[in-house]
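**Q** On the provided structure of chain A, position chain B as indicated by the hints.
Protein chains: 2
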Amino acid sequence: MTNKDARTPASVQDGTPLETAPHTSQEAGKSIGWHKAYVEGTRPDLRVPVRQVHLTNGQSVTLYDTSGPYTDPLVDTDVRRGLSPLRENWIIGRGDTEEYAGRPVRPEDDGIKHTAPRGGLRNLDAVFPGRPRQPRRGRDGRAVTQLAYARRGEITPEMEFVALRENVSPEVVREEIAAGRAVLPANVNHPEIEPMIIGKRFLVKVNANIGNSAVTSSIEEEVEKMTWATRWGADTVMDLSTGRNIHTTREWVLRNSPVPIGTVPLYQALEKVDGRAEELTWEIYKDTVIEQAEQGVDYMTVHAGVRLAYVPLTANRKTGIVSRGGSIMAAWCLAHHKESFLYEHFEELCEILAAYDVTYSLGDGLRPGSIADANDEAQFAELRTLGELNRIARRFDVQTMIEGPGHVPMHKIKENIDLQQEICDEAPFYTLGPLTTDVAPAYDHITSGIGAAMIAWWGTAMLCYVTPKEHLGLPNRDDVKTGVITYKIAAHAADLAKGHPGAQEWDDALSDARFEFRWEDQFNLALDPDTAREFHDETLPAEPAKTAHFCSMCGPKFCSMKISQDIRREHGGSRTEIEEGMAQKSKEFAAAGNRVYLPLAD
Amino acid sequence: MTNKDARTPASVQDGTPLETAPHTSQEAGKSIGWHKAYVEGTRPDLRVPVRQVHLTNGQSVTLYDTSGPYTDPLVDTDVRRGLSPLRENWIIGRGDTEEYAGRPVRPEDDGIKHTAPRGGLRNLDAVFPGRPRQPRRGRDGRAVTQLAYARRGEITPEMEFVALRENVSPEVVREEIAAGRAVLPANVNHPEIEPMIIGKRFLVKVNANIGNSAVTSSIEEEVEKMTWATRWGADTVMDLSTGRNIHTTREWVLRNSPVPIGTVPLYQALEKVDGRAEELTWEIYKDTVIEQAEQGVDYMTVHAGVRLAYVPLTANRKTGIVSRGGSIMAAWCLAHHKESFLYEHFEELCEILAAYDVTYSLGDGLRPGSIADANDEAQFAELRTLGELNRIARRFDVQTMIEGPGHVPMHKIKENIDLQQEICDEAPFYTLGPLTTDVAPAYDHITSGIGAAMIAWWGTAMLCYVTPKEHLGLPNRDDVKTGVITYKIAAHAADLAKGHPGAQEWDDALSDARFEFRWEDQFNLALDPDTAREFHDETLPAEPAKTAHFCSMCGPKFCSMKISQDIRREHGGSRTEIEEGMAQKSKEFAAAGNRVYLPLAD
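For the protein sequence lines, the chains are A and B, in the order given.
Per UniProt numbering, residue 1 is the first one in the first sequence, and the count goes up by one each step.
Per UniProt numbering, residue 1 is the first one in the second sequence, and the count goes up by one each step.
Just so you know, these hints were derived from the structure itself, not from any lab.
Take these hints with a grain of salt, some might be off.
Stretches of chain A that chain B covers, calculated by requiring three or more beta carbons in the stretch to come under 8 angstroms of a beta carbon on chain B [stated by the list, open to error]: (1) 328 to 338; (2) 503 to 514; (3) 527 to 537.
The C-beta atom is built at its ideal place from N, Cα and C for all residues, glycine as well.
Okay, chain A solo, but in the shape it has when bound:
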């Protein structure tokens, strides 16, 4: 993998980066105009990564960086060893956790049956070749969550880290977490992550889903997809694996991930009962949650809002229940004619998550799967239950975000975020799109990117990406990139609309480069420099074209920006002169009752 691909949304830092590692592309061998740098906090082991883009006019622009150590040429990464545990000392230093033997890894964790022939059992020591480690949890089962610390008024290194990243004060971070308006997903068993925050007062975040399935793909592919997604700007990654080797795939992903990892434990639990929903039990689910918490999963989607009473509300829907977790729980509820075991055992689940600082992502199992089903009774009945569960989770100091739709036409989008914020006490909203029409399979990154930008502007904290393969197939490497880029566009467009401090500086820097024909700067500042450069070269390949004061759209005679610049040159020279000169003439012109006036250049 090459480093030159990475780009992430803008967050201009106050602190001056203390250290820059000269960057060279491992692919092309030529520098591509940016350096990996770090902003140091109040302690030497608190170093916030940023990407510094160096412009040909001597200025530089600092961008938010999710790509992890992989883009630092001074760091020697090895997927078989995993990333270094940068948070380990912070976690140990708090002295409120303990190591313990942990739950033994069983063949069925990887979907291998007890009845499997001897040869069918893999050597479980090989789950991950990296350094052996024992899981960690809150001593005496106490809550070791960022929420608990925030409510106690403590500013953790994690909070300081995200404060530097978001260019706000650590106190603002603490307040937002304490109020439940933001979450900082950071399992004590995932010390490798670079902390990030999800909340409406901060930059809009993007999640990328990966995961092998019963049908296709491998462990290596998933690890590669994870690093690829973060390279393009994914802030978190969900591992939705459903096939074999779920446990092992997750271990590899976690040990190599610089971003928080989310999962849906229900998927693995269902594998353990051979996909027979009715055979699921609270014990199997609980065991799976502990298994994943010990591995270091940072947030878990829990469909505890799918209650028995709501299933009938989906009967006259056009597309029924389209959430996998939701349909599994609905099937279980109906098969047993019992209330959801997730709903019934929710408090016990809170105690478990609090001991590892696993963040809840309360799933919207009844989200609409079509325009026709948007904002219906089933969807909002579940949302009200999620509000109730959010308050319970808060009692246990468990960080919580709420998942949202889905398929929603534009005029029904705002009601979703407004209701969620009201019902869920402003807990972070985490939406899938929404898709604004059903008619464009193969383009649902776009149908949903439209809804995503709008709902993020109105307050959604994190957007779950949708790839071009949605509804059709499993995303490949290109689909993951397209999905992430599309959602970084939606997220940044929302940051601009929300007036996030510093967000527009990125646009301004690129537009300056565009107006001044600094093509290389325009490419290097682009969300996807490679494709921008490639598209330009398709029409004007020659190197001189990169300094030409026109481009292939209009050619030299018609370039509006060139004419625009000529106007300035011919009528006053410097930008300031022309401004004053023109402004002055403009006044005279108006005063003269809009009659023709004398030359500006006089």
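**A** What follows is chain B alone, placed relative to chain A:
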């Protein structure tokens, strides 16, 4: 070119298509599940094309069709002969136009210099090989515009045609045109078009730009791009050619186009003075407008709002003037220190356009070219002038629409449409995007698709597409398709949000097919069936997969929709039974105070 590509947005017809031509793909040789059909009006020569998609469940869905005769296997098209002039009898029948010798075609019309060597002069008879024709204009220079007829209370065949197309009454069409809230671009010299309407009460329309440039591309390519764009759903096409052979390229495009063609006459006028803006004169411009009106251009972008007084307002902008036409006029104004000749001669221009029924597209020459410049003084000063010009045009019975931006962050978009509607007496707004961020060159179809969907929801009547090559290069065939598809998504999402009658029936049909695993129906109903099918086959190539009750995302065990269907099957069988059964149980459940209830299947 194959027919199987065509897809356009939904508009369900009242009338039953009278005639269907069995369709077979010229490429794959297999039927792809739709037929070209026609809805006949009150006269035999008034036949509105529609696309009927035939579903495997026996139902059919009727979609709006912009693809012209090219997708009718019963019509033998030949680009060297051009399309048959279906409006000719309607135009002649009105008896208010006359044929005349017309302006002789000169070498400089194609950018060939008087000074060019004898060999340099092409045989001008070969401008277009099709049937010779004389231009037509209003007798005694009278206004022969759809606006003039509408105000007189006349419902023309063109109005009836669009009424059938939009599934509204002809009277609604007449009223909207008479009020200036809609335009029906239809030059009397472009009888080949299938009439369409642009107005906020109707389906949102999409324009695709084509055109060769000084740098690259040929006549054949442009004709091909036009038919390709309309095949994917472009409602109008603008020929923005700037290089040589402008006149000839335009002739070929017009004679073969089933949709209205727009141009920016200023580009060709500038070619006639070798690109020296200061050498432009009203006479040269006027001659060019007449040249193009005689060829049949249906609407023309006129940058008459760029007044001398406004140029200084752009001086302290981040990206100055980014409209080509705008910068050309600004350069002219400053060079001569005179008011714009377009503004000064606007009434004379109205008389010319009225005689051919050329529709004004009043250009926004001062539109913002960056987020920083959005909604600034220069932009809105010009808009106020466009409002003034719109009222003048109306006095001359010239149909008029207003062009809009550009680069605008989401929170500043609504002000654009609201102000335009107020200042321009609800004249149709025709916007370029807007782009909601500057940071994603190579993805500006997406940055702008977001803004386009929003502004169309709020009342914009037509969207000018943006391709992935925007800011970088000239769009190729794939870019044109991507741009059109992206904008059809934005337009349809807006139709849904506006509650356009019938719009959701398309989404519902596709979602039904999706929920019932009718894969072929899902593909055939998709905006881009080819890509949808291709993406599906990438993961599950086998033919059986197309009838499988699961897909590659989750595999058989996890398919939520399958589980959803199983729930229905197991608990009541038919959809109706389950609805009643579940609803009943739901009541009991609520009544019983949310305690577990008895089996639904009892």
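**Q** Tell me the numbers of any earlier hints that the structure contravenes, in ascending order.
**A** Per hint list: zero violations.
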